[in-house]
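K.L.:
For the record, the sequence lines run as chains A and B.
All residue numbers for the first sequence refer to my numbering, where the first residue is 8 and numbers rise by one.
All residue numbers for the second sequence refer to my numbering, where the first residue is 8 and numbers rise by one.
One or more hints might be untrue.
Stated by the list, open to error - Okay, derived cross-link-like pairs now, BS3-like style, lysine-lysine, Cα gap no bigger than 25 Å in a straight line:
| id | chain 1 | residue 1 | chain 2 | residue 2 |
| --- | --- | --- | --- | --- |
| 1 | A | LYS41 | B | LYS110 |
| 2 | A | LYS312 | A | LYS97 |
| 3 | B | LYS41 | A | LYS97 |
| 4 | B | LYS41 | A | LYS110 |
As the list claims (entries may be wrong) - Which bits of chain B does chain A cover? Going by a derived footprint, with three or more residues having C-beta under 8 Å, they are:
| id | segment |
| --- | --- |
| 5 | 14-24 |
| 6 | 250-258 |
| 7 | 276-285 |
To be verified - Some chain B residues judged to face chain A by a derived CB distance under 10 Å, without partners named:
| id | residue |
| --- | --- |
| 8 | VAL85 |
| 9 | PHE114 |
| 10 | ARG262 |
| 11 | ARG266 |
FYI, nobody ran anything at the bench for these hints, they're computed from the structure.
Note that the structure is predicted; figures quoted are calculated from it, not measured.
Every residue gets a Cβ at the ideal spot worked out from N, C-alpha and C, and that includes glycine.
There are 2 protein chains.
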Amino acid sequence: MVTIKDVAKEAGLAVGTVSRVMNNRGYISDSARKKVEEAMRKLNYHPNEMARSLQKKYTNTIGVIVPIIDHPYFAKLVSCLVQEAYRQDKKIQLLSSGGLETKEAEFIELCHRNLVSGIILCNGSIDVASFDNLQIPVVTIERKKEGDSPSIECDNWQGGVLAVEHLVERGCKNLLHVSGHTEKNMPADVRGNAFLETCARKKVQGKVVSKQLKRYELPDSDQFISSMLDQFPDTDGIFVSNDIIAVMVLEICKRRGLRVPEDIKIVGFDDLNITRWTYPQITTIRQPMEEMARAALDLLEKSQKKKPVASRTVLPVSLVVRGTS
Amino acid sequence: MVTIKDVAKEAGLAVGTVSRVMNNRGYISDSARKKVEEAMRKLNYHPNEMARSLQKKYTNTIGVIVPIIDHPYFAKLVSCLVQEAYRQDKKIQLLSSGGLETKEAEFIELCHRNLVSGIILCNGSIDVASFDNLQIPVVTIERKKEGDSPSIECDNWQGGVLAVEHLVERGCKNLLHVSGHTEKNMPADVRGNAFLETCARKKVQGKVVSKQLKRYELPDSDQFISSMLDQFPDTDGIFVSNDIIAVMVLEICKRRGLRVPEDIKIVGFDDLNITRWTYPQITTIRQPMEEMARAALDLLEKSQKKKPVASRTVLPVSLVVRGTS
Numbered sequence: 008m009v010t011i012k013d014v015a016k017e018a019g020l021a022v023g024t025v026s027r028v029m030n031n032r033g034y035i036s037d038s039a040r041k042k043v044e045e046a047m048r049k050l051n052y053h054p055n056e057m058a059r060s061l062q063k064k065y066t067n068t069i070g071v072i073v074p075i076i077d078h079p080y081f082a083k084l085v086s087c088l089v090q091e092a093y094r095q096d097k098k099i100q101l102l103s104s105g106g107l108e109t110k111e112a113e114f115i116e117l118c119h120r121n122l123v124s125g126i127i128l129c130n131g132s133i134d135v136a137s138f139d140n141l142q143i144p145v146v147t148i149e150r151k152k153e154g155d156s157p158s159i160e161c162d163n164w165q166g167g168v169l170a171v172e173h174l175v176e177r178g179c180k181n182l183l184h185v186s187g188h189t190e191k192n193m194p195a196d197v198r199g200n201a202f203l204e205t206c207a208r209k210k211v212q213g214k215v216v217s218k219q220l221k222r223y224e225l226p227d228s229d230q231f232i233s234s235m236l237d238q239f240p241d242t243d244g245i246f247v248s249n250d251i252i253a254v255m256v257l258e259i260c261k262r263r264g265l266r267v268p269e270d271i272k273i274v275g276f277d278d279l280n281i282t283r284w285t286y287p288q289i290t291t292i293r294q295p296m297e298e299m300a301r302a303a304l305d306l307l308e309k310s311q312k313k314k315p316v317a318s319r320t321v322l323p324v325s326l327v328v329r330g331t332s
Numbered sequence: 008m009v010t011i012k013d014v015a016k017e018a019g020l021a022v023g024t025v026s027r028v029m030n031n032r033g034y035i036s037d038s039a040r041k042k043v044e045e046a047m048r049k050l051n052y053h054p055n056e057m058a059r060s061l062q063k064k065y066t067n068t069i070g071v072i073v074p075i076i077d078h079p080y081f082a083k084l085v086s087c088l089v090q091e092a093y094r095q096d097k098k099i100q101l102l103s104s105g106g107l108e109t110k111e112a113e114f115i116e117l118c119h120r121n122l123v124s125g126i127i128l129c130n131g132s133i134d135v136a137s138f139d140n141l142q143i144p145v146v147t148i149e150r151k152k153e154g155d156s157p158s159i160e161c162d163n164w165q166g167g168v169l170a171v172e173h174l175v176e177r178g179c180k181n182l183l184h185v186s187g188h189t190e191k192n193m194p195a196d197v198r199g200n201a202f203l204e205t206c207a208r209k210k211v212q213g214k215v216v217s218k219q220l221k222r223y224e225l226p227d228s229d230q231f232i233s234s235m236l237d238q239f240p241d242t243d244g245i246f247v248s249n250d251i252i253a254v255m256v257l258e259i260c261k262r263r264g265l266r267v268p269e270d271i272k273i274v275g276f277d278d279l280n281i282t283r284w285t286y287p288q289i290t291t292i293r294q295p296m297e298e299m300a301r302a303a304l305d306l307l308e309k310s311q312k313k314k315p316v317a318s319r320t321v322l323p324v325s326l327v328v329r330g331t332s
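Next up, chain A with everything else stripped away, as it sits in the complex:
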């Protein structure tokens, strides 16, 4: 195996100089840099990140635990985390738990054995407090609040307010909120509360209906949505708690002969790709996932450096107006 000493010898320079070039640290003359790079190429030398990590006693790897990857919300979140990690020169070890607590526990242990420098728990439900002696910083994203790990959330309350205010502004008087719960006590739950309070404030009718979904199963909610439209036939505006169900609500409205947005208006939540593949395209509340990913990684970095971190970070959402409203 080629070592840094071989590179120094080949370049005719001191090991310290080679090290400075490789770590891009301190003063390095252009000619020294060029010599080192040529020597590295000639000897086919690749600095060994693992040996460095072992010296530091941790890797630059972040464990990311999501319930599911093949799902438009989590695919976008993972994408944002992978891209932000790359920007910060970190690696992502990705694990998918199916939302099972036993798997989550096993994955946290696995992350520990692999000396990750931090863990990001997306959604899910295991009690992080039970892993206190892990001594690895943990941060959660849009996840049930338990224990004292710092959390990153979007402003779910603001999302509910924005959706109702927009529908009312567009003339709606009879609003319905369709939520699709997977767990209890999730940050997303307040979307419904904000919906009700804003309906009262704006003096319009507001009803909340919710469909209990199996853990992260993609919804099969045709009948449920149809029966809700039967039950509340005066509905002229629907705020749906996620874009996947909003796609279905749109489809069912069209099938019932309702014109969207003329007869009924729809606002989703998350701003996923699929909102742009429907006709009309779906108005939605944008969850700032790039910013949430960055906040999570920044927070882990601070934790590792023993700097103080916010226990709760709530990032603003925004209204994206498209064709359904």
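Chain B: place on chain A using the hints.
P.N.:
Structure of chain B alone, referenced to chain A:
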């Protein structure tokens, strides 16, 4: 830091015995196993995977390079790879290149520095041969064929044949194939050739139209699809080369007042989640992504052990009949 020696001392056993328990190797009595496990718990000892990897000179990490994660096809492929890697006790380091060759090259170098034990290149276009002195096994999935890295593909030809045979069986006489190219010389290209040959064999009309898409951009093909339907008004069956475009074709047919499947039938390709969120649900050709993920990881394992591997592995597709046909 707690070491294996501390565990052995606490358990009152030899270091070799503790090592056998931790690696689950050789004979271990139940009582010894229990003692070791108790000592590990008591001392909060977590075996250090990284130190082991360094001894072995490689990690059990596989680098996976995809062009994009937030996309229904690649999200499913990544999901299958992560799950299969977990089953095989391997880690996935995930990187997303945006389809850029410069990024791919950088990521391959990054994988090398991180001592990955193999690289899986999904799609993309960089010439793998230029990295020959990497000495890391590389396998490609549904990717442009260049150089001599072993490849995993689905049987794209069979997919085209199955789609046409099904449409003809359902009574179609004027077929159209809509393809959405992103690169040239991709394995998926033969879907169109198989379509044409099978149309000729079955003595039905067959036209191929293709929309050049930007690299992995999600399509904005409304106008294109509409103009194709104007140009070929007798079309009664459409084979679309991927499910995302199939969703759009379905939407445009409905908007033009065509009844699906009565007036026009649609068959997609891939079998992604989104085929079950439309009305009617989309008939498609299932790409066996779980099996492709397993084949890729198995192949890297063999390569690493210097066993011979297939240069090309083609896995069978299947027809999934739903509401659009």
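K.L.:
Now look at each hint and say whether the structure bears it out.
P.N.:
Outcome of the hint check:
1. A:LYS41 - B:LYS110: 22 Å, holds
2. A:LYS312 - A:LYS97: 15 Å, holds
3. B:LYS41 - A:LYS97: Answer violated: B:LYS41 to A:LYS97 is near 37 Å, above 25 Å.
4. B:LYS41 - A:LYS110: 23 Å, holds
5. 14-24: Contact hint for the segment 14-24 of chain B vs chain A: violated, 0 residues under 8 Å.
6. 250-258: It holds, with 4 qualifying residues against the three required.
7. 276-285: holds (count 5)
8. VAL85: 6 Å, holds
9. PHE114: 9 Å, holds
10. ARG262: Status holds, d = 6 Å.
11. ARG266: 13 Å, violated
Consistency note: the structure conflicts with the earlier hints numbered 3, 5, 11.
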